[in-house]
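Chemist: With the sequences and hints as input, model every part of the structure.
Sequences listed follow chains A and B, in order.
Under the working numbering, think of the first position of the first sequence as 1, with each following residue one higher.
Under the working numbering, think of the first position of the second sequence as 1, with each following residue one higher.
Warning: the hint list may mix true and false statements.
Claimed, not checked - In silico DSS-like cross-links for lysine-lysine, where the CA-CA straight-line distance does not exceed 30 Å: (1) B:K669 - A:K316; (2) A:K498 - B:K144; (3) B:K398 - B:K409; (4) B:K153 - A:K498.
Note that these hints are calculated values from the structure, not bench results.
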Amino acid sequence: MSFNEIRNQAIAEWGALQQSEKPRILVGTATCGRAAGALDVLETINEELSRAGIEATVIQVGCIGLCYAEPLVEIIKPSRPCICYASVTPEIVSQLIEDYIVNDNPRPDLALGTIGEDSIDGIPKIFELPVFKSQVRISLRNCGHIDPADIKQYIANDGYHGLVKALGMTPEEVIEEVKKSGLRGRGGAGFPTGQKWEFCRRAPGKEKYLICNADEGDPGAFMDRALLESDPHAVLEGILIGAYAIGATQGYIYCRAEYPLAIERLERALSQMSECGLLGDNILGSGFSLQIQIKEGAGAFVCGEETALMASIEGKRGMPRSRPPFPAVSGLWGKPTNINNVETWANVSAILQKGAEWYASFGTETSKGTKTFALAGKIARTGLIEVPMGIPLGDIIYEVGGGIIGNKQFKSVLTGGPSGGCLPASMVTLPVDYENLAEAGSIVGSGGMLVADEDTCMVDMARFFLSFCQDESCGKCVPCRVGTRQMLIILERITQGKGQPGDVERLEQLAQLVKSTALCALGGTAPNPVLTTIRYFRDEYEAHIHEKRCPALVCNKLISYYILPDKCEGCGICLRNCPVEAISGGKRMVHIIDQDKCSKCGTCLDVCPDKFSAVVKVSGEKVEVPSEPIPVTPKKTKATDKP
Amino acid sequence: MTTLTIDDIRVEANEGMTVLEAANEAGIYIPTLCYHPSLSPYGGCRLCVVEIEKMRGFPTSCTTPAGDGMVIKTNTPQLQEFRQGILELILTEHPHVCLICDRKERCEPFDICLRSVTITERCVLCPKNGRCELQQVIDYIGIKELTLPYTYKELPIHREDPLLERDYNLCILCGRCVRVCQEVRGIGAIAFTYRGSQALVGTAFDRPLQESGCRFCGACLEVCPTGALMDKDDKWQPALDREAVIVPCQYSCPAQINVPLYVYLVGEGRYKEALAIIREKVPFPGVLGRVCIHPCEEACRRGKLNESISIKSLKRFVADRDTGEWKQFSKKLSPTDKKVAIVGSGPAGLTAGYYLAKLGHSVTVFEALSKPGGMMRVGIPDYRLPEDVLNAEIEVIKDAGVNIKLNTKIESIDLLFGQGYEAIFVALGAHGGMRLGVEGEDSPGVVDGATFLRNVSLGEKVKPGDRVAVIGGGNVAIDGARTALRLGARQVQIIYRRTRVEMPASPEEVEAALEEGIDIVFLTAPVSISKQKGQLSLTCNRMKLGEPDASGRRRPVPIKGSEFSMDFDAIISAIGQVPEIPSEFNLKTDRGNTLQVDSDTLATSRQGVWAGGDVVTGPASVIGAIAAGRKVAISIDKYLGGEGVIDEELTEERQIGMYVGMEEDFADKTQVKMPCLAVKQRTGNFDEVELGLDEQLAVAEGKRCFQCGIRLQILRAPLPPVGVRLQIPVVPLLPVGATT
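Modeler: In structure tokens:
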């Protein structure tokens, strides 16, 4: 069957599905959905449908990005808009089948929104919600809408149309198109993709390799996983286009083994591609050939660094090497190699499908297109988003992300993962693009965004991320292996109240040394969280060092719990719950915490009844309490009535 | 050719050179600890950072290819600051207090430290103190003080390996050992383990080296810049001679044969080349391949792991396959018209004659007996050294121009001088049997071992009778006993006054004698011999071992009242030999009637006369005699106006292949077993007992070698100029808090 025939068939099947008289139920069963219980929901749906004898089409789709609302279920009844239900449980889904599918009550109380032209009273249109309003979905275009395990659904939605177009052009024209789009590497460094391809295309050598970097290692980042699980063909089509453009005949997808579902989807996608003549020798009769192999990484953060990744594919320990020579000249097995990140490849297929000009219409002058971000931390709507480059930071936090949970104050956001920078709340107007983030001391990185609220200690946060980078250092170069360790030692002593005058300056010196002399980007960027927190939150460091005070009340060694004598009613709840028996007291006696015994677990604060609120957490200050339990002061008669 | 400017100096670099290599070539030293000229670029220590115009940041010169027109600064205040910072970081994990101590010039090893510095922080207690690359680099760059906290890693020291010690507390993770093992040797027994600050070098799962595929070649020891990897034989103090530690086989060989190279060549199937390597040092490979006492095998480093390489068997293997190809490289200088006389045609005499003839001198060897070869001919029976092997090698010597006069006993040196010989080499050997010193030892039927073996070798009809006693425990005693057996004796007893442990004979010879049914009576010494009715009666004492004597062996002491007698048809006394020197030689002698010589030149008390071999040392070894012959050849050539150069290269093969690859069970491989004639087939004839290795065995044995010799092929890392300390810049680091 020719590709055109496959395509026509796919479009016909897709059309038939849309026009189907049977209700359709879409369940998001990517890893994020599964973690929230999507598989239980799916099972219940199947049970309920067969119990009620309803004929319906149940489709497992990927992730639409609303992590905070998982599991998500979409129900489409004939000639009705699709309704998306959030936080669905087996109980809720039973109700939905009963109420909506059987009795036609769309249950606006449970619905998040509708997708499609028509609307239903009482249910907002999902793309008009703040969470979606500023989003532009290019690389995530199909996520949550199609069945990732069915190549035909991808083909029916313009899939592989970009490849067909590319194969009709010369490789140089394809590179020109990508250059025109202004696409820059989405793995973090933001190197212009077309230019990178051109280097590799022009490098001498017959044998060339192409790599898709799916070794997403940043804590709190899950863009690549979601994309591979929800729309693998968007990535694979990009890889085919890239291989054609640079002249590669062998491709590798380096995916971490901790992403089993992504690997499963990729394997299935590859075999379907072979069946459709989209992989192997003479792809679509064009004379262009490509083999793709999946390499599973063992979960070392440093293997996301391109030279370490290639060493790992070669079977060596994942350790970076110095550049030059660059991979475009001497990469995998010493051959010219082009390496791009998952998201970059997904953008490539979109660019070829819809054109460079269309793509370049999004974003800023120097940072074109869109970028996906994984919102995590103390933000109300955690999830995967895709926004145009240049969007103000505040729009992401407040509009898309819905602000901070629990009405707390927004304090800082860490962009770019553990080697990114912590930007303060004052920078909400900062346009999010490569240049502006770099100027602010951070990086775009692969797209992790970790939001911190007022209860976060920035020194502790810097310590946490540095300890991550320190653990994940490959150990090859001295500045990264030892320099980050020494920085960590200083940060640890600061958070433990043993900071010394001059520590901040010492940290800055070490950070400068490590940044300037480390071998790879892991070491070179590891000091970023430290440097940015010093830059924007220097007063917190100084409070820790000079006043032995943690302003955010986080650093364990610097905080104390006290029971206020005028508020304690002597109920004994804290005494009974204290795990280290640090509290003494008695019935109707003011309780006292033995500061030497206290492990600062905070249980007393948690259990003290709200009506008393007698326990306080303080740092750097001392609360006057009696040395022995004394009888509780009667509250109505004040202290003046004391005998 | 690429031209670049380094520190304002125009430097030319070859294709493929790095900036660091180009700088080194031009005599510009850039500090480094991980770079090594025999290894691939690494860029781990970051000390070699430089500033290159139009390049971002601070690239490492060891990894950056030299590019045309590059303008490079290697020594700016900024770079110095970085280097000090990096060294300081290294020192937070490496013992170093002595390095930055102001008393360091005055402190001796093992001095009590007045500063109460713990052992784990002191350099003076490091096995590599004084020859450590890290020390030298620190001295060059200069570190004032350490402001960062130091941590001793507290890792266990690996002392379990037989040849080396690994103390990873001293490791700076330069990765040289890993690279040499993985890339250069292709073994990969060690690699980096763990990561972050736990990163370390080690074997897989921390298994012992024996189970890691390690080949114990020592390449890692050769490249380690600190005391982390040390030869057990080379700790604390450098050996006076590196080769004694690295290639003890070659070092222990009296003739200095390049054992590592020829054993390697056998393993590679290049037998002609292997033989050529042996021939470069000795003219008797076939003889040595059979009878050498092989000090090389005793010294072989593999012997400390399990069993030494059977070097002797490999020598015989290649000698037996001589194609003569080496001869085309063999030099023969034009005649000098100088006459040299050599007295004695044993290994010493013939070796000296061979080299002197090749240097163009006219050499005449005088031999008292009817056949040439000395003890090789008349001291070693044919079943150990067949005549045709010896004949063939003597033939080569004759072909080189050596004239051998048989049946010519020299009684006077003056006579030789009178005949126009300008230099004389006395190489008489030690053919006189030592007397037992017991009553009746002159009875008919009692003979000394040397005479007995000589008579047999020279073809005399010797019939020892049915029952033969051999007195003594050396190789002559064993040879005598085994010869008697072959001459038809039914019962042969060796009588030895000590135990098997003290026997000077080679263990394999003793083993062969026992196999052939020879009985050894230990702790028994002769008291007297009497002849009655055609029978010899040997009266003996039982002995016990007392205090050690001068030789270190325990002295046998007679047990009172333990006398007993045994009857024999013949008694062979083989308790040692002495040289028999004609009195008219007028040479100064020493203990045991040996000749006195200068130990370096082997010159005797008379000008123009040299001596060597058994006549100087007493009964010893063929290889020792050959070595003496070589020394004398050098001395005589110099005496005759030559340069004394006898070494030559007989093959173009000079290198051991570096890449060897991983072999899982390498450490467990045991020594090859020499195939031998069945015991039943040995009596009544003098057929050679040892059959020699077949090709498969020989190659396997060659491949079993550690290839310690490759260490000598590894280049040396560049070191800082001696006694130079860089100016410490006083430019403070830029404050970075406000920069990007």
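Chemist: Okay, which hints does this one fail, numbers in order?
Modeler: Failing hints: none at all.
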